[in-house]
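Trainee: With these hints in hand, go ahead and build the complete structure from the sequences.
Going line by line, the protein sequences match chains B and Z. Going by the working numbering, the first sequence opens with residue 173, and the numbers climb by one from there. Going by the working numbering, the second sequence opens with residue 173, and the numbers climb by one from there.
Some hints here could point you the wrong way.
List of simulated lysine-lysine pairs, DSS-like, C-alpha gap at most 25 Å [said to hold, decoys possible]: (1) B:Lys509 with Z:Lys259; (2) B:Lys293 with Z:Lys509; (3) Z:Lys259 with B:Lys507; (4) B:Lys274 with B:Lys365; (5) B:Lys509 with Z:Lys230.
The set of hints was computed from the structure by calculation and includes no laboratory data.
Number of protein chains: 2
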Amino acid sequence: MKKGIAEVPGIECGVGFGGIKETKKEIKRPDLLVITTREPSEFAAVFTTNEVKAAPVKVSMEVKGKISGIVANSGNANACTGEEGIKDALQMCSLTSQLTGKGRFLVASTGVIGVPLPMEKVRKGITEAVKNLGKAKGEEPARAIMTTDTFPKLAFCEGSRFVVGGIAKGAGMIDPSMATMLSFIATDAKVEKELLERALREVNETTFNAITVDGDMSTNDCVILISTGLGREIREESYQEFKEVLKEVMSSLAYQIVKDGEGATKVARIRIRGARSREQAREIARKIALSPLVKTALFGCDPNWGRIIAAAGAARKGIVEEKLELYIGNFLLFKGKKADFKEEEVSLYMRNSKEIEITLNLNLGKEEFTYLTCDLTYDYVRINAEYRT
Amino acid sequence: MKKGIAEVPGIECGVGFGGIKETKKEIKRPDLLVITTREPSEFAAVFTTNEVKAAPVKVSMEVKGKISGIVANSGNANACTGEEGIKDALQMCSLTSQLTGKGRFLVASTGVIGVPLPMEKVRKGITEAVKNLGKAKGEEPARAIMTTDTFPKLAFCEGSRFVVGGIAKGAGMIDPSMATMLSFIATDAKVEKELLERALREVNETTFNAITVDGDMSTNDCVILISTGLGREIREESYQEFKEVLKEVMSSLAYQIVKDGEGATKVARIRIRGARSREQAREIARKIALSPLVKTALFGCDPNWGRIIAAAGAARKGIVEEKLELYIGNFLLFKGKKADFKEEEVSLYMRNSKEIEITLNLNLGKEEFTYLTCDLTYDYVRINAEYRT
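Mentor: Laid out in structure tokens, this is it:
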């Protein structure tokens, strides 16, 4: 069995079925997830920077102090739902508190935008999830927050005398009018709030904030990290180790999201090296990762270096054309001008690789940044152009 | 016959066939265009802001003083071609000067990136074009700079005692590894350099700089405006009229480019109203216009207002969710929260419209901005994912 958040000491998960998303197909996939901690626990969280924030994001952002867990639903984003949406999100928290007899909960939702939460169904699902607390293991918690994800996303890593485990959902903006990347991560390490927040912020930069499927920013994104405190205590001197283990888990979850990108057949790792600053490297990597022309070329297994160079220049971060060196895999394609390479060989490498390495050396400094992206395919268009029914 | 740049008094056009783009198909479409002015003429020009600039852009940017015309080729962008590329671009100018007996020329290229110009073919084409000067009328000059454009783009407008006529090419980044939007415009009005530059800059903001097909910025973009000076003199007091006429022509050309966007079946006009500043309106309009989720929803005729609201929020320009009013056509879809509308009716409007109006009122101020975009379709992916052969 694969391990995820349920395998972190001090964490219990329960899932329930409310029937929130009305589908014609009779799939009874759980759509409610309740995560509880044995004791009130420190947490850190990062939320979408979209100015239009879903009600659960607004509610969770206000939570201070320790928490007893998370309640989340799939099938409805509770976004753009006005005052009513806020009340519904608060009710999800209070109902979970009441049923578990525990204190404060964070709340998250993912699904259709603009439709009021069917609260009767939500209550039914929460009640069932609380009843089943402790039973959901391995993949099960991840399955309860899936929408059009094609596989559950979970990761687990052991440090010395502590573990980190997490789950995630997301595949871009996923379903027609869905809009969420959610990730819940826990550790049994005892980490004080400030350090926990720093770790989440720092690792988030190079993991969840370094991936893109379609560049569309969600109204519901959130990443929550809980420290149940049952394991080893992490202080300044052990911070690096903790961060490494956390990074292992978050990198894995981020990778799984890109791999499950809508319609995606390939993951590409866009590595910018030799930059003057990390920010320069990041912006150029991001511009390349977002370019529809680069993404369609990945789909076509076309070593179209001109599009990559043009996207890098479009970032306007001070590159020097003459100094650029571009590699796809180990093939040098450009060195100030077109290099001597066999197109068929590079195309063959692209065809045979599920993961394509693109490395652009700016030859300006020593900083670097890596972004993950996926290809743009017919299926992306199909998934997103289909009329909602 | 439709009128374009060749119908502006003082302008002569000639086209030639060099065979620059090697194709299997035996289409002998002209690929060289020479435009000359009767007398040395004032001009204004704007170029791509991509840091990777094609050789002809670098050469044209250095041109000062009056010019005698433009020489342009399609089929090869002369971009990422190093020192050799610069020499080739300069040679295009000097050969045209020599053959016409006229002074300074601007140069432009569009086509494949990274391949040296086949200069023998280019010289053959220029020679033929110069020989034919004065013969290319109406659509013909526009045809000579087409790549995968599906129709020639031209526009013409009369002011009082002056005219403005222009041509353009572009359909996003067009062909695999092509990358250009070119537009050449002329007026017979006598406009001094400073005023001409101001007019081009101002009108460009709301026309060519307010359209997107795929958000990919080219290495070769340029818009050139020539004043042959044979007509009425434009001064400060007649500037507004001149600007209006110029805007008519440039708006039309910009619209034609979006309409011919790769794989596009719909044009959408994204109108942001009630903004605090034009810049706020522009950035929000642009974010919506670039969103792959909005663009696929347009293709699917799906009135997916959640994606539009989410994209507006993602621009992070200070919108207030509660104040937003969103219309598609005349249908109110959102007013702080979901409005009462029939989805099938809006979808029907979208199905029946070649041009879809999306209006978002921020209700914060009085400024506005309109952006043109097109839908994202299977054909976009097909055109751009096909392996270059």
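Trainee: Now look at each hint and say whether the structure bears it out.
Mentor: Structure-based check of all given hints:
A C-alpha spacing of about 15 Å is found between lysine 509 of chain B and lysine 259 of chain Z, which places the hinted pair at or below 25 Å, so the restraint holds. Our distance criterion of 25 Å between C-alpha atoms is met by lysine 293 of chain B and lysine 509 of chain Z, whose separation comes to about 22 Å. With a CA separation close to 19 Å, the supplied pair lysine 259 of chain Z and lysine 507 of chain B stays within the 25 Å bound. For a cut-off of 25 Å, the pair hint linking lysine 274 of chain B to lysine 365 of chain B stands: about 20 Å separates their Cα positions.
Distance check on the hinted pair: lysine 509 of chain B and lysine 230 of chain Z sit about 16 Å apart at the alpha-carbon level, within 25 Å; holds.
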